[in-house]
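Trainee: Protein chains in written order, with this note's numbering: chain H, 1 to 252; chain C, 253 to 557.
FYI, nobody ran anything at the bench for these hints, they're computed from the structure.
No experiment lies behind these values; they were computed from the predicted model shown.
Treat the hints with care, since some could be wrong.
Estimated spans, in silico, between C-beta atoms of each pair [as the list claims (entries may be wrong)]: (1) H/Ser40 <-> C/Phe285: 48 to 54 angstroms; (2) C/Arg377 <-> H/Gln93: 30 to 36 angstroms; (3) C/Thr278 <-> H/Gln93: 48 to 54 angstroms; (4) H/Leu79 <-> C/Leu367: 19 to 25 angstroms; (5) C/Thr455 <-> H/Gln93: 21 to 27 angstroms; (6) H/Arg78 <-> C/Ala368: 23 to 29 angstroms; (7) C/Ala289 <-> H/Val81: 33 to 39 angstroms; (8) H/Glu136 <-> C/Asn281: 55 to 61 angstroms; (9) C/Thr436 <-> H/Ser40: 32 to 38 angstroms; (10) H/Glu64 <-> C/Thr455: 23 to 29 angstroms; (11) H/Ser40 <-> C/Arg377: 34 to 40 angstroms.
Heads up, the beta-carbon is just placed ideally off N, CA and C, and yes, glycines get one too.
Okay, here's what each chain looks like letter by letter:
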Amino acid sequence: MQEAILTARGLDLYYGENQALKKIDMEIPERRVTALIGPSGCGKSTFLKTLNRMNDLVPNVRIEGTVEYRGQNIYQPRLDVTWLRRHVGMVFQKPNPFPMSIYDNIAYGPRTHGIRGRKQLDEIVERSLRGAAIWEEVRDRLKKPALSLSGGQQQRICIARALAVEPDVLLMDEATSALDPISTSKIEDLIAELKKQYTIVIVTHNMQQAVRISDKCAFFLMGQLIEFGDTTQLFSMPQDKRTEEYITGRFG
Amino acid sequence: MKRILKGNGQNGLAPKTKGTRAAFETGMNLLFFLCGAVAVLFVLFISIYLIVSGLPAIREIGLAEFLFGDTWKSTGKEPQFGILPFILTSVYGTAGAIVVGVPIGFLTAVFLSKLAGPRVAAIIRTAVELLSGIPSVVYGLIGMTVLVPAIRTAFHLASGATLLAAIVVLAIMVLPYIISVSETALSAVPKEYEEASLALGATEIETYFRVSVPAASSGIAASVVLGVGRAIGEAMAVMMVAGNVANMPSLLQSVRFLTTAVASEMSYSSGLQRQALFSIALVLFLFIMLINAALAVLLKKGKKS
Ligand SMILES: Nc1ncnc2c1ncn2[C@@H]1O[C@H](COP(=O)(O)OP(=O)(O)OP(=O)(O)O)[C@@H](O)[C@H]1O
Ligand SMILES: [Mg+2]
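Produce the entire structure from the sequences given, and follow the hints as far as they go.
Mentor: In structure tokens form, the structure reads like this:
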């Protein structure tokens with residue numbers, strides 16, 4: 001088996017009194033696409049956010065157990081969260097480009113991490129936009145506001161923005177759910193391309209999408225990880241009854 | 253009308269009732285309209301009154317002489333009516349208040365909207381509200397008894413009633429406006445922007461200054477313009493702490509503002525002197541109008557983005 005880049009061990013997460021994740025153990029392989037599926041409210045987004053500690057922003061959240069990124073526990077007190085998030089990037093459900101130009105959106109991350117040279121930034125911007133398959137569409141209007149683009153374009157800008165800091169892992173929470181079919185298929189193609197270089201974890205409600213683009217698939221139910229395995233295996237021969245019921249559409 | 257009456261009859265209601273109700277509606281509409289018209293009428297009246305009564309003196313003195321003359325001797329044997337000292341004092345005083353007040357107010361707003369815990373924020377917010385409710389005469393009084401003597405000893409002056417004292421008092425007076433308007437703008441910045449920045453590995457402070465503040469910039473600019481309007485229109489407090497002498501402005505000298513120039517001579521003025529006071533009021537009025545126009549533009553811009 002491929003080496004694990006992110007490993008959750010006995011991960012419990014509480015929002016106040018409410019337990020949203022229960023003893024999750026999961027090994028996410030490097031340079032593969034891992035899909036998280038399950039009915040609404042089962043904890044997919046919550047789990048995804050534990051991987052780059054975006055849960056820190058939620059008040060009253062309590063986490064037990066560990067998540068290791070390349071062998072380091074990311075919940076150890078001395079860990080630099082900005083270092084972690086730089087390596088484990090995130091694309092959100094709703095496209096959220098900054099109210100700035102396309103160029104400044106992409107350059108935001110590199111600038112944050114100390115890159116100032118105009119030429120170097122130009123290179124990064126072009127490389128990231130090419131990486132997100134949107135360079136051709138915006139190369140003539142890099143100075144235009146990113147918010148003037150269509151939703152699908154904005155989402156690819158957000159992907160490019162995440163790529164610009166050269167992350168190791170890319171987390172995507174229903175990144176195509178707000179998009180039309182054409183934009184969605186563009187982003188799916190993009191994910192297939194990106195996995196050559198990056199580890200990708202996606203949350204999706206779309207079974208076909210999970211089958212199309214993921215190598216590994218995890219089925220969550222009420223805060224528990226019910227089943228985790230190769231996508232083809234999980235969809236053709238689910239081991240757990242509840243997984244089977246979910247993927248055949250009998251509940252959820 | 254006939255049809256309505258008929259309809260009422262069919263509903264079993266006395267036709268008369270509906271008629272009086274309709275009349276009542278019309279009457280109320282008229283009342284509302286008249287109330288609304290009152291505000292417009294007052295503005296029109298004040299503008300016209302100021303223009304009519306402010307122009308004669310300007311015509312007599314000469315516009316350039318009036319605006320750019322550096323000596324105001326309204327009661328001398330050969331009176332001189334140059335209001336440049338007042339204009340510059342108002343401009344410097346306001347600029348000083350903004351230079352001191354805006355950084356403090358802005359940082360407080362960032363702290364309140366992004367960093368402070370709910371309890372600390374509630375305490376500060378209450379204090380800010382109270383600050384904005386204190387009458388300006390009270391600011392003047394405390395400035396007079398605390399600030400003015402302190403400035404006198406600190407700078408070894410004969411009198412501490414100076415432009416500096418006025419600037420400090422004005423800075424405190426504009427603070428609540430800067431804070432509350434900026435905070436509203438900062439709190440309205442969508443959380444998604446901040447999340448995106450944090451997810452890229454930016455720190456919270458970086459995020460607030462590079463994403464939230466630029467996104468709220470037109471609201472923050474509006475708060476500054478509002479503060480300018482407040483400062484330039486303030487009379488009572490500055491009259492009490494600035495010494496009220498018609499000098500060309502200098503930080504450690506007594507000065508007189510546009511507002512206080514009108515207020516301090518009005519009661520005993522006559523003839524051209526009195527007319528000139530109206531001209532000063534007209535100049536002040538134009539300043540305020542300009543500032544309000546700027547504010548309107550900024551707020552509109554903020555709404556669009
Ligand atoms: N910020 C929060 N504060 C409190 N409870 C939360 C918070 N976010 C999520 N929860 C709760 O945690 C549970 C898991 O939520 P989560 O958002 O992870 O579900 P999800 O699987 O992503 O659902 P969906 O498919 O609808 O996005 C839910 O019961 C939810 O109500
Ligand atoms: Mg979710």
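Trainee: Report the numbers of all earlier hints that the structure fails to satisfy, in ascending order.
Mentor: 7
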